[in-house]
Amino acid sequence: MPAPLTLEGFRADLAEFLYQQPDEVDLEDNPVYAGLDSLRIVTLIERWRESGADVTFVELAECTSFAQWWQLLSARREATT
Amino acid sequence: MSAPNPRRPLLAAQEGIWTGQQLDPDSPAYNTAEYVHIDGPVDTTVFDAALHHVVAETEALNVAFAADDQGRPWQTDAPAGDWHLHTADLTAGPDPHAAALAWMDQDMVRPVDLARDAVFGHALLRIAADQYIWYHRVHHIALDGFGLSLVARRVAQVYTALMAGEPVEDSGFGTLAAVREEERAYRDSARFTKDRAYWTDRFADRPPVATPAGCTSLPARTFHRRVADLDAAETEALRAAARDLKATWSEALLAVTVAHLHHLTGEPEIVLSLPAMGRLGSVSLRVPSMVRNILPLRIAVTASDSLRDLTARVSAELRAGLPHQRYRYEQLRRDLKLVGGQRRLSGPGVNIMPFEYDLRFAGHRSTVHNVSAGPVDDLSVNVYDRSEGAGLRIAVDANPDLYDEADVTALQDGLLSLLRAAVAAPDQSLGDLSVRSSTVTVLDGGPLPRPARQVLSLIADHAARRGGAVAVEHDGRHITYAQLFGAARDLARRLAARRVGRGDLVAVALPRGIDAITAILGVLLSGAAYSPLDPTAPPVRRAELLDNVRPALVLTTSAHAADCTGSDVLALDQSESGPGQPTAPAPAPDDLAYVLHTSGSTGRPKGVEIDHRALAHFVTGATHRYGLQQPDRVLQFAPLHFDTSVEEIFLTLCAGATLVIRTDDMTDSVPAFLDACARLRISFLDLPTAYWHELAYAVSTGAATLPAEVRTVVIGGEAALPERVDRWREAVGTSVRLLNTYGPTEATVVATVADLHDPSLAPGDVPIGLPLPGTRATVVDGELHLLGDNLAVGYRGDRLPDATRFSSLAVLTGAPRAYRTGDLVRIGDEGQLRYLGRSDTEFKISGHRVHPAEVESALLAHPGVRDAAVAGQVLDDGTRRLAAYVVPDGPPPSVTVIRDHLRATLPAAMVPSAVEFLDRLPRTSTGKTDRKALATPALRAQLASLGAELVHTVAAVWQQVLGVATVSAQDDVFDLGAQSLQAIQVANRLGTELRRDVKVAWIFQHPTPAQLAAYLEEEALPTASGLPASLPADSVLDPDIRPGGGSRTDRAPHRILLTGATGFVGVHLLAELLTTTGAEVVCPVRAPSPAGATARVHQALDAHLISLPDAARTRITAVPADLARPRLGLDEELFSELARTCGAIFHNGATVSIMREYATLRAANTESTRTLLRMAAVHSTPLHFVSTLSVAPPLTLSPEVPEGFLPPHPGLRHGYQQSKWAAERLLEQAAERGLPVTVHRLGRIVGPAATGYVNERDFLWSVLRAGIPEGIVPDLFEEEIWTPVDHVARALVHLCLGQRRPGAAVFNHAAAAPVRLRDVYDWLEEYGYPLRRLPLPQWRAALPRSSEAAQSMLAFFEATDATDPTGVTSDDATGPDLRLGRIRAENVVGGLHGSDITCPPVDRDLVFRYLDHCVTTGTLPAPAGKRGHHPSRSK
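As they're listed, the protein sequences go chains A and B. According to the working numbering, numbering within the first sequence proceeds without interruption in unit steps and concludes at 81. According to the working numbering, numbering within the second sequence proceeds without interruption in unit steps and concludes at 1435.
One or more hints might be untrue.
Distance windows between CB atoms, simulated [stated by the list, open to error]:
no. : chain 1 : residue 1 : chain 2 : residue 2 : range
1   : B       : K194      : A       : Q20       : 12 to 22 Å
2   : B       : A390      : A       : L27       : 28 to 38 Å
3   : A       : Q20       : B       : T813      : 16 to 26 Å
From the derived model, a few chain A residues whose C-beta atoms are all more than 12 Å from chain B [to be verified]:
no. : residue
4   : A3
5   : T6
6   : E8
7   : A34
8   : G35
9   : D37
10  : V42
11  : G52
12  : V58
13  : W70
Bear in mind the hints are in silico, worked out from the structure with no lab data behind them. Nothing here was measured: the structure is a model prediction, and the numbers come from that model. Even for Gly, the Cβ is constructed at its ideal location relative to N, Cα and C.
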């Protein structure tokens, strides 16, 4: 089982999908305006699920910032660990 | 709730769907559906309860939609209430799953009435013990794909809870109001402005949108779908490649789609349509609703791009566009003015659904399958992620108006093979991969049965071994092989004596016959090649050919020798002294055998050079393929200058069979032809397809019988009509071999052969088969290429543009030499070729490639169509259109019926906009359909002033709806900012105003008022105005008819052309012309021969009691002709001679019948006028046209009849009036262009005052003939213009040949007072016929049906009743008044001023003279009442 999701890992994952450096990722960005599409979100969800953070597409998709994503993910991660 | 059902606006996405539905309100295409296959038992009752629960809590499913007066749609609450789940147990059937799919298909095609019906439907179908299918349909206006999935998930949840007996959790669904509010807020946001700026900037140049179909169409009611799965390994390979490219698999798939579309279209940029869920960050994530958006994605592409290059470009474009994905696609189209007509923002769709549903129904797994995602504009590639890691499913949907199923298959196969290739080699050029993954099919005719031997050596063998066998028969003569070969050798020696031999070309200008065969063989034996020339060809043509081939010698008969000046001539029928020379050795394979002429692309004939190798190969292959054998007796049908003669002669003689040359009279009639074949014991018939069509027809109707000895029939020369093939097979069966051959002269006579007698061929299927043994063929870009030793050496004189048709074909290994045929073909599933048409007749219309042949075969499938030709035409204004020329089988069906028939099978763009009926199709001198003649539009669908009013109406409605000051006829309303809603309003208003159905789709298809009016005109004609569909087009004069060089103003022409000279007026015109001028009068007359024509003219003169001195009669030249035919049925030479020599043209001929419809009169009455105008234009010859006052509008429409040309008017009710009016219209345009033309409108023409002769065909006299014996006459009219025929002839000739009043072009011959019918009836009574006068209906009722005259009268009235319920025959006593207003006749009066010509009054005396004539001839009974009128007349 892969290592549990950390904020660092979360940033790195986003950076990969946003074609940015991890430190360039602005957590206040709106995922839509950052250029993410549903397939990328689904792919990220699959990846994070493997790291023990189980969220649904709808839950992530309705968030309006990456910070809200992290909030949700860390809540789920705590719930499962 | 207190408010009774408030109405709410639609969401933007819903409005898009609503508008789409309005385009075709009865279309079921917006039904979307999926089914969930549940793997386990389902409790039907609980499932039903769960569904009802979910439906009740889903707001979007409890709605109704309706438009207000303005056409604006609203949504209201409408509880679905009492609906039922359809349940069925299908397990008893053989294939329950298929039965379930069939049930869904049926359910899907039911249109939904958005105002009344539930927008959804459910079914639960049991397909196995523990297997269920839950089918869920919903109109797209209520839910999009994501909305559907929300509902499905919720159903699974509720069902599971109910099954477990647990309480049902809250749905968590948000409200539609929240979605509406979010949308409203977005529209007012800064984000909206930003998004709009992005898209309008990105698409500011409105890029062209490329699609494989090359054109657009409105969404159809159905779509083609082909589904293919990528297995798990392939899918994983795609994912891995995408990861390597730092992209998603969807982006890689988009890149491959772009590359494939580029490969198919060659366009440098592809614009895709990407459906986007439109829910990220939105409340609608939890609201079942319709919010889906579409993103246009433009990607530049070249063939050298690799998957890596292109994927990066796709990713970047998406990254740039996705942040702006909330901006509505419909809005962007409006912003960019890309609405209506052919405009579009983006092309094929790629719909990627990354969600796998993993729904569990009380713990049982399920899989979800899409049934329909809504209508398909063009193409749509739908990609579904199948559950459990099974891989991707790729469903390609296509609009059936643009693509057929084979297209879809090819598209999907091409896409998938490119995907596999690209994933395996992401750095290779996708263009190369495309070429490599598509394969060129080579069709191979198989090996020759034996090595090809030279034809001369084969024939020499027969002469040596079976010298006594009959080689050739003709008209009672025959010649044996030994004699034939001996005679040929003698000729070869004579040629050698003239130093003609190897390398030379000898022209053979001989009629069919034994001598011709001998001559051909003699030439070949001399070592020279032969070139057949038509001995009857016009001298000009012959000179051209001789100039082209430059023969060493011309072989002919002494009769034709004089025609071949400039060439060395050997007349075969003149014996030559002097010893012959020994002949050359046998020709080598590379030596030419013959040179045959075909028409070149430039119109100049080109000589095709065939060498002995090609001839020998062809003979060997074809003899084997046809099964031709020694005992066969083969008819030699073709003239020698057709290459079919090569087939007939050499196949027969090389096989040692007997060649039977047809005699000229054999083809007089089909029954006579087949009788002759029987008599001659023909076993093998080789016929031109056009002639065989006649044969097949005659045989199928029993008019003729195929002789029992005929065992093989070979046809070729043009595409065989499926209908005739079917008839033939029905009548003849499949025991007689029917071989359909195809081949250009350039590939030695025949290239491919199909067995049409094959019983396994489907009806209507007419393949051209497979290549001959020893040859191959391939199809490149749809065009047939021929390969092998049968190919010609090339063209004589090597004309460069044509020579390029022979070239090496690089797509095949070894790049073999090939002949590019210019013929478009298709390879059928079983590998046989089907002919589609000429690539040069392929016509692009609205960007759609149309093969006339395809449309023709669809036309021919209609039982009322006997023959048909379709041509693409380009009108003066550059408009392109398809015109269909139809030869009806019996009475012509209506144009609407024909169009409806075509619409059922063809895409809209392929349905001709003009349909015209002809008696026969124009043929070229070689008997093929004359496509050139058809492509030059004789009729034009331009908007004549007929449509002007309608244009105005359409423009006015647009003006109101758009709220702009002016909309002109040519304004594109969508450029003026029109939007879908307004299009719908215009359709409604126009519909009200015009009191007819106006479809919203038409508004989009015809974006200018002029276009829409033109379309409405055509659509409307049969129902609205009553004018025939082709009338507006027929009444437009071809632009090239203009005054030619020099003008002829001489008043004493030496030669005058007079049409209709045998008719009532014509014969008097003839007499007048012969009497008052010294000119020769040329009379085109329907007759089989010049002698027959002359006889008819003299008979007519005699019948009308016209006496002329013999000297005058010798100035009559009658020529056989037919006004209803192209060029009046005159040959080209005579036609141009008449154009050159005639000093005046009197066009008086017409088919006069008030019973016949326009379609059957237009050729003789209208088109003949066009033809004569064309003749007159050459030297600006004056043309005088005899017309009728009945073209004028009645008094109710116009107080007077002007002596001028007439605009169209509603009084044009009968075909005859219409045909004459259209002809006048042509003259009007000719006059405007400066041609000296006059129009003479006549009233009722009565017998000559001098003799009292009565024209018995006259309508009024027919009425009297029926009524007088019964003592009853009808009140037909009040008064009429009556003119004695001899007077009108004098007046007309004087006006035409005398001093012409300036500006006078139209003459109303109505100088005398009208005759009152009341007076006529008084005189009849006075003459001795007691009469009762009855209103027309009573008269008809009282008329007994016994007498012949009465019968034909009644038949007339019944016929007109059917077509004209409000016309003269109306039962309504107050029916329309058809009287004319005051008839202006100043031009006539002025023109006759100073002459001694005055119109004799039609009075009691004259009527009595007519009655005397009728009594004398027995047409009327002698009056029983008062007698003794003769004395009164003789006073």
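Consistency of the hints with the structure:
At roughly 21 Å, the beta-carbon separation of K194(B) and Q20(A) lies within the given 12 to 22 Å, and the hint holds. A C-beta distance of roughly 36 Å is found between A390(B) and L27(A), which places it inside the suggested range of 28 to 38 Å. Range check, Q20(A) to T813(B): about 51 Å between beta-carbon atoms, so the 16 to 26 Å window is missed. With a closest Cβ-Cβ approach of about 20 Å to chain B, A3(A) is found to remain outside the 12 Å limit, as its non-interface label requires.
Against chain B, the non-interface label of T6(A) holds: every CB pair exceeds 12 Å, the least being about 22 Å. Here E8(A) stays apart from chain B, with its beta-carbon at least about 20 Å from theirs, past the 12 Å limit. Distance to chain B contradicts A34(A) as a non-interface residue, since its nearest Cβ pair spans about 7 Å, not more than 12 Å. The claim that G35(A) is not at the interface with chain B is violated, since a C-beta of that chain comes within 12 Å of its own (minimum 4 Å).
Taking the minimum C-beta to C-beta distance to chain B, about 5 Å, the non-interface status of D37(A) is violated against the 12 Å cut. For V42(A), the shortest C-beta to C-beta distance to chain B comes to about 5 Å, within the 12 Å cut-off, and the non-interface label is violated. Under the 12 Å C-beta cut-off, the non-interface status given to G52(A) relative to chain B holds; the minimum distance is some 19 Å. At roughly 5 Å, the least C-beta separation between V58(A) and chain B is not larger than 12 Å, which violates its mark as non-interface.
No beta-carbon of chain B comes within 12 Å of the beta-carbon of W70(A); the shortest separation is about 16 Å.
Hint violations for this structure: numbers 3, 7, 8, 9, 10, 12, all remaining hints satisfied.
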